[in-house]
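Number of protein chains: 2
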Amino acid sequence: MANIREIAKRAGIGIATVSRYFNDSGYVSEESREKIRKAVEELDYTPNALARAIFKKNTKIIGLMIPNITNPFFNQMVSEMEKLFRKQNYTIILCNTDDDKEKEQFHIETLRSYRVAGIVAMRTMTPESYRNIDIPVIAFENQISPEHITVASDNYKGGMAAFKHLYDGGCRKILHIQGPEVFIATTERLRGFIEASKKKKDALVDVVKLETDFHIKSLEPAIENIKNITDYDGIFVFNDISAAVVMKHLHDLGVRIPEQTQIIGFDNSFLGELLLPSLTTIDQPIKQLGKITTDLMIRLINGEEIDQKEYYLKTTVIKRSSTLGKIATSKE
Amino acid sequence: MANIREIAKRAGIGIATVSRYFNDSGYVSEESREKIRKAVEELDYTPNALARAIFKKNTKIIGLMIPNITNPFFNQMVSEMEKLFRKQNYTIILCNTDDDKEKEQFHIETLRSYRVAGIVAMRTMTPESYRNIDIPVIAFENQISPEHITVASDNYKGGMAAFKHLYDGGCRKILHIQGPEVFIATTERLRGFIEASKKKKDALVDVVKLETDFHIKSLEPAIENIKNITDYDGIFVFNDISAAVVMKHLHDLGVRIPEQTQIIGFDNSFLGELLLPSLTTIDQPIKQLGKITTDLMIRLINGEEIDQKEYYLKTTVIKRSSTLGKIATSKE
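In order, the protein sequence lines correspond to chains Z and V. Be aware that the first sequence starts at 1, since it is given in UniProt numbering, and climbs by one per residue. Be aware that the second sequence starts at 1, since it is given in UniProt numbering, and climbs by one per residue.
Incorrect hints may have been included.
One copy or two, it doesn't matter: identical chains are merged, so the pair holds either way.
Listed below are the simulated SDA-like cross-link pairs for lysine to any residue, each with C-alpha atoms no more than 20 Å apart in a straight line [said to hold, decoys possible]:
| id | residue 1 | residue 2 |
| --- | --- | --- |
| 1 | Lys83 | Lys103 |
| 2 | Lys38 | Thr17 |
| 3 | Lys198 | Asp168 |
| 4 | Lys173 | Leu324 |
| 5 | Lys199 | Lys287 |
| 6 | Lys248 | Leu276 |
| 7 | Lys38 | Asp206 |
No lab work stands behind these hints: they were computed from the structure.
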């Protein structure tokens, strides 16, 4: 790889001028600029992004904190954001937190030490760690503080829509299988579900809480342990993978879906289409979530003040074969 | 964060000298070097990985090229490698190539400009782009050159094992649904399948090629277009997601699995366990693949010469309900 000395030699101008050019630190004539550009091209010189970052006080790197890269919802979000950030010439550093506070704190220090331009903190387990750092941060799902921007699906209305869809399909004894309480998204889904159920006096509702979100090996025993699961005519499961495990368990118990029990999931993962019967679910608008997060981050990096701090995007019921109700949207 | 001007002021020396120091572009006395190092340290509140990287000419960043982050096989590989690299204090820059040559070349330039310590090129579409760069590179699946290390599952023997498992389960008219030809992994699976079938004169085999690997929306019409798919008593599909789409299609056509048609996939994705019937598949040893790739990379970064260039890891048949054969391993 060529260095600055070779570029200066090839361009036929002084090292100091080339240095000013790369550092953007003083006058360089247009004629010299042209010569440098030509030399850079001829020598196949890759500008040193690190050195530039030090001079200009910022890198073109965005740090993405992801709870788990193998979780389809989050990896689809990352895939969206990666494409959009790339269009703005930003590169992604991806940090797997495993919903572990210490791992997340380690990653925050790493990202700070690399002087990233911004951080998207997805489902943070340690909001306090982001409060005093001088880098733009956007929270996805779990909030950081009222001063920080939060982006999420409207999980509350999604929970309401799930209840209504089952109720409209004729269910009157409905179970909600809730995800881990530390995830705001799952407690909001529960809250919406309960709120919607209060308006229907003829419906009985129960709630069971799981402590794992999508590791199949932990989900299976937890779901097999749910008492009287065959008593319900409708089950709203907090995510699609857990819903798939519930369907498998009911199938093993000889329960027919949707005739005896109707099932609705959450996320609209690719998985739902492949199941038998295919899974009705609540769609989170991944493309829009990715777009709004990316746009807001670029604006923050550019120093813009943004007054609106909370962005909750609309979810939609995706009707498939695991329920009997008609299509409804969370708007209804 | 401090800039070059503040560093010069604090160090009590000229900007040009500091610039020469950072650019490695001319004489800087040891005394000045020491002053600059001290100033950089004093002005930073977090250890500056970028500055350190420039001093030491290397970063603690590994670039991972991934064909698609939403593909379960590859995101599980990345998750494994991320954990192992983190133990060695390396951070990951993740680059989604979408199997697109131009995107991949863009990422290579970005990684070079950030002076990453090493690159893992998963399923590269542009091996020639890695040949002349002065950074350690390991190829995963698609080879870069005979001089570069390649890590992969033994897809050839995996293809043989898939044929044998169907044959041993009684199948005599067997279809292989092959993945895109540009992926070495899928052509190796085909080669193994054909080779194993040659030894069994009473078995008829056919091959159909798909041009997409796991985007369900493209897989569905492609699979629906396969002629006479109900004529086969055994189908070996090149990956689990495509196998799931095949199963769904056969189910819609009223074909009973495994009684009428047995199905075997490849990858051992979490998906297989959730299907009805659960999917027999060929396991790729993701943990070992991740471990060996990480270990080799650390050794290359440390300047070690490694004589063995090819690492093909053993696959295993995971017997579930979509086939009738007994458990076999690729060793047999």
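Each hint tested on the structure:
Proximity of Lys83 to Lys103 under the C-alpha cut-off of 20 Å is restricted to the inter-copy arrangement: shortest distance 10 Å between copies versus 26 Å within a copy. Taking CA atoms no more than 20 Å apart as the test, Lys38 paired with Thr17 passes inside one copy only; the shortest distance there is 15 Å, against 26 Å between copies. For a Cα distance limit of 20 Å, the shortest separation of Lys198 from Asp168 inside one copy, 15 Å, qualifies, whereas the shortest one across copies, 58 Å, does not. Taking the shortest alpha-carbon separations for Lys173 and Leu324, only the intra-copy value of 15 Å comes in at or below 20 Å, while the best inter-copy value is 39 Å.
Proximity of Lys199 to Lys287 under the C-alpha cut-off of 20 Å is found in neither arrangement, the shortest distances being 33 Å within a copy and 50 Å between copies. Within a single copy, Lys248 and Leu276 get their C-alpha atoms as close as 9 Å, and across copies as close as 8 Å, so both meet the 20 Å cut-off. In this assembly of identical chains, Lys38 and Asp206 lie within 20 Å of each other by CA distance neither inside one copy nor across copies; the values are 70 Å within and 56 Å between.
Comparing the model with each numbered hint stated earlier shows that hints 5 and 7 do not hold.
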